[in-house]
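Be aware that the sequence shown starts at 6, since it is given in the working numbering, and climbs by one per residue.
Be aware that a few hints might be false.
Said to hold, decoys possible - Cβ pair distances, simulated, as ranges:
hint, residue 1, residue 2, range
1, Q110, I158, 13 to 23 Å
2, G138, V173, 37 to 47 Å
3, I158, D108, 18 to 28 Å
Read the hints as simulated data drawn from the structure, not as lab findings. We put the CB at the ideal spot given by N, CA and C, even for glycine.
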Amino acid sequence: MKSARFVEVSRAGPSAVVAVLITLGLAIFLAAAPRPFGPVAEPWLHACVIYFWTHRRPSMMPPLLCFGAGLLADLITGGPIGLWALSLTGLSLAARVTRPMADSQPWPKRLGYFALSLVFMILVASIALGAAGVSGGAPLPGMALHALTTLIIYIPLESLLAFIAGRVGLRRGAL
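Please model the entire structure based on the sequences and the hints provided.
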(Lines of atoms letter the chains of each structure in order from A and count residues from 1; the text may use other names and numbers.)
(Lines give C-alpha, C1' and ligand atoms only; values in the text may rest on other atoms or scores of the structure.)
Protein backbone atom coordinates (compact mmCIF):
# COMPACT_ATOMS: atom_id res chain seq x y z
CA MET A 1 0.00 0.00 0.00
CA LYS A 2 1.49 3.32 -1.05
CA SER A 3 1.43 6.19 1.40
CA ALA A 4 -0.48 9.36 0.55
CA ARG A 5 2.75 11.36 0.51
CA PHE A 6 4.35 8.98 -2.04
CA VAL A 7 1.28 9.17 -4.28
CA GLU A 8 1.23 12.98 -4.04
CA VAL A 9 4.92 13.29 -4.99
CA SER A 10 4.63 10.73 -7.78
CA ARG A 11 1.66 12.65 -9.25
CA ALA A 12 3.78 15.78 -9.37
CA GLY A 13 6.13 14.21 -11.90
CA PRO A 14 9.89 13.97 -12.13
CA SER A 15 10.26 17.44 -13.65
CA ALA A 16 8.70 18.97 -10.52
CA VAL A 17 11.14 17.12 -8.26
CA VAL A 18 14.03 18.26 -10.45
CA ALA A 19 12.76 21.86 -10.35
CA VAL A 20 12.57 21.82 -6.55
CA LEU A 21 16.06 20.34 -6.18
CA ILE A 22 17.65 22.65 -8.76
CA THR A 23 16.17 25.83 -7.28
CA LEU A 24 17.17 24.76 -3.77
CA GLY A 25 20.69 23.78 -4.83
CA LEU A 26 21.16 26.99 -6.81
CA ALA A 27 20.04 29.09 -3.85
CA ILE A 28 22.46 27.29 -1.51
CA PHE A 29 25.42 27.66 -3.89
CA LEU A 30 24.61 31.35 -4.48
CA ALA A 31 24.77 31.86 -0.71
CA ALA A 32 28.38 30.65 -0.78
CA ALA A 33 29.43 32.64 -3.86
CA PRO A 34 32.42 34.96 -3.45
CA ARG A 35 31.56 38.59 -2.73
CA PRO A 36 33.56 40.94 -4.99
CA PHE A 37 32.50 44.04 -3.02
CA GLY A 38 33.26 42.60 0.40
CA PRO A 39 30.79 41.48 3.03
CA VAL A 40 27.29 42.74 2.33
CA ALA A 41 23.97 41.78 3.82
CA GLU A 42 22.89 39.38 1.12
CA PRO A 43 19.41 37.83 1.28
CA TRP A 44 18.97 34.29 2.49
CA LEU A 45 17.84 32.88 -0.86
CA HIS A 46 17.73 29.31 0.41
CA ALA A 47 15.29 30.42 3.14
CA CYS A 48 13.06 31.98 0.45
CA VAL A 49 13.15 28.83 -1.67
CA ILE A 50 12.38 26.51 1.26
CA TYR A 51 9.53 28.73 2.43
CA PHE A 52 8.02 28.94 -1.07
CA TRP A 53 8.16 25.20 -1.81
CA THR A 54 6.84 24.36 1.66
CA HIS A 55 3.87 26.61 1.00
CA ARG A 56 3.34 25.46 -2.57
CA ARG A 57 3.53 21.73 -1.90
CA PRO A 58 4.67 20.57 1.57
CA SER A 59 5.16 17.00 0.38
CA MET A 60 7.90 18.23 -1.98
CA MET A 61 9.84 19.87 0.86
CA PRO A 62 9.91 17.48 3.84
CA PRO A 63 11.73 18.60 7.00
CA LEU A 64 14.46 16.02 6.39
CA LEU A 65 15.26 17.63 3.01
CA CYS A 66 15.38 21.04 4.71
CA PHE A 67 17.76 19.64 7.32
CA GLY A 68 19.97 18.14 4.59
CA ALA A 69 19.96 21.40 2.63
CA GLY A 70 20.95 23.21 5.81
CA LEU A 71 23.83 20.80 6.42
CA LEU A 72 25.01 21.38 2.85
CA ALA A 73 24.81 25.14 3.43
CA ASP A 74 26.78 24.72 6.67
CA LEU A 75 29.51 22.78 4.86
CA ILE A 76 29.70 25.18 1.91
CA THR A 77 29.62 28.44 3.89
CA GLY A 78 31.92 27.19 6.64
CA GLY A 79 29.53 28.04 9.45
CA PRO A 80 29.02 26.01 12.60
CA ILE A 81 27.73 22.57 11.62
CA GLY A 82 24.04 22.38 12.32
CA LEU A 83 23.33 26.13 12.33
CA TRP A 84 21.66 26.33 8.93
CA ALA A 85 20.35 22.79 9.29
CA LEU A 86 18.37 23.65 12.41
CA SER A 87 17.43 27.12 11.17
CA LEU A 88 16.05 25.96 7.82
CA THR A 89 14.20 23.08 9.47
CA GLY A 90 12.67 25.58 11.89
CA LEU A 91 11.69 27.81 8.97
CA SER A 92 10.07 24.85 7.24
CA LEU A 93 8.09 23.99 10.36
CA ALA A 94 7.01 27.62 10.77
CA ALA A 95 5.94 27.67 7.11
CA ARG A 96 3.85 24.54 7.67
CA VAL A 97 2.12 26.18 10.64
CA THR A 98 1.40 29.46 8.80
CA ARG A 99 0.40 27.78 5.52
CA PRO A 100 -3.35 27.48 6.24
CA MET A 101 -3.49 31.15 7.25
CA ALA A 102 -1.34 32.52 4.41
CA ASP A 103 -2.81 30.43 1.61
CA SER A 104 -4.50 32.53 -1.11
CA GLN A 105 -3.87 35.81 0.69
CA PRO A 106 -2.67 39.01 -1.01
CA TRP A 107 1.08 39.52 -1.08
CA PRO A 108 1.32 41.92 1.91
CA LYS A 109 -0.20 39.28 4.21
CA ARG A 110 1.96 36.52 2.69
CA LEU A 111 5.00 38.72 3.28
CA GLY A 112 3.92 39.18 6.90
CA TYR A 113 3.67 35.43 7.42
CA PHE A 114 7.08 35.01 5.79
CA ALA A 115 8.45 37.64 8.19
CA LEU A 116 7.03 35.71 11.15
CA SER A 117 8.68 32.55 9.86
CA LEU A 118 12.00 34.41 9.47
CA VAL A 119 11.75 35.64 13.06
CA PHE A 120 11.30 32.04 14.17
CA MET A 121 14.29 31.02 12.03
CA ILE A 122 16.43 33.74 13.65
CA LEU A 123 15.31 32.57 17.09
CA VAL A 124 16.34 29.00 16.25
CA ALA A 125 19.68 30.28 14.89
CA SER A 126 20.30 32.25 18.09
CA ILE A 127 19.61 29.19 20.21
CA ALA A 128 21.84 27.05 17.97
CA LEU A 129 24.71 29.56 18.15
CA GLY A 130 24.35 29.75 21.91
CA ALA A 131 24.40 25.96 22.16
CA ALA A 132 27.48 25.83 19.91
CA GLY A 133 29.30 28.06 22.36
CA VAL A 134 29.68 31.07 20.08
CA SER A 135 30.36 33.97 22.42
CA GLY A 136 27.54 36.46 22.51
CA GLY A 137 25.19 34.28 20.46
CA ALA A 138 23.93 35.62 17.17
CA PRO A 139 24.74 39.19 16.09
CA LEU A 140 21.11 40.35 16.00
CA PRO A 141 21.64 43.65 14.10
CA GLY A 142 23.45 41.77 11.33
CA MET A 143 20.79 39.08 11.23
CA ALA A 144 18.07 41.74 11.14
CA LEU A 145 19.75 43.33 8.11
CA HIS A 146 19.92 39.94 6.37
CA ALA A 147 16.25 39.36 7.21
CA LEU A 148 15.31 42.77 5.77
CA THR A 149 17.08 42.08 2.48
CA THR A 150 15.43 38.64 2.41
CA LEU A 151 11.99 40.22 2.85
CA ILE A 152 12.71 42.71 0.06
CA ILE A 153 13.75 39.99 -2.39
CA TYR A 154 11.01 37.50 -1.46
CA ILE A 155 8.10 38.87 -3.54
CA PRO A 156 10.00 38.97 -6.89
CA LEU A 157 11.58 35.60 -6.09
CA GLU A 158 8.16 34.17 -5.19
CA SER A 159 6.85 35.26 -8.60
CA LEU A 160 9.80 33.62 -10.36
CA LEU A 161 9.38 30.38 -8.39
CA ALA A 162 5.62 30.39 -9.07
CA PHE A 163 6.40 30.70 -12.78
CA ILE A 164 8.79 27.74 -12.56
CA ALA A 165 6.21 25.73 -10.61
CA GLY A 166 3.59 26.47 -13.27
CA ARG A 167 5.93 25.43 -16.08
CA VAL A 168 6.57 22.01 -14.53
CA GLY A 169 2.89 21.53 -13.70
CA LEU A 170 3.28 21.76 -9.94
CA ARG A 171 0.04 23.21 -8.65
CA ARG A 172 -0.68 24.06 -5.06
CA GLY A 173 -1.31 20.76 -3.30
CA ALA A 174 -3.11 19.62 -0.21
CA LEU A 175 -0.12 17.76 1.24
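Comparing the hints with the structure gives:
no.: 1; hint: Q110 to I158: 13 to 23 Å; result: holds (19 Å)
no.: 2; hint: G138 to V173: 37 to 47 Å; result: holds (43 Å)
no.: 3; hint: I158 to D108: 18 to 28 Å; result: holds (22 Å)
The structure shown violates none of the earlier numbered hints.
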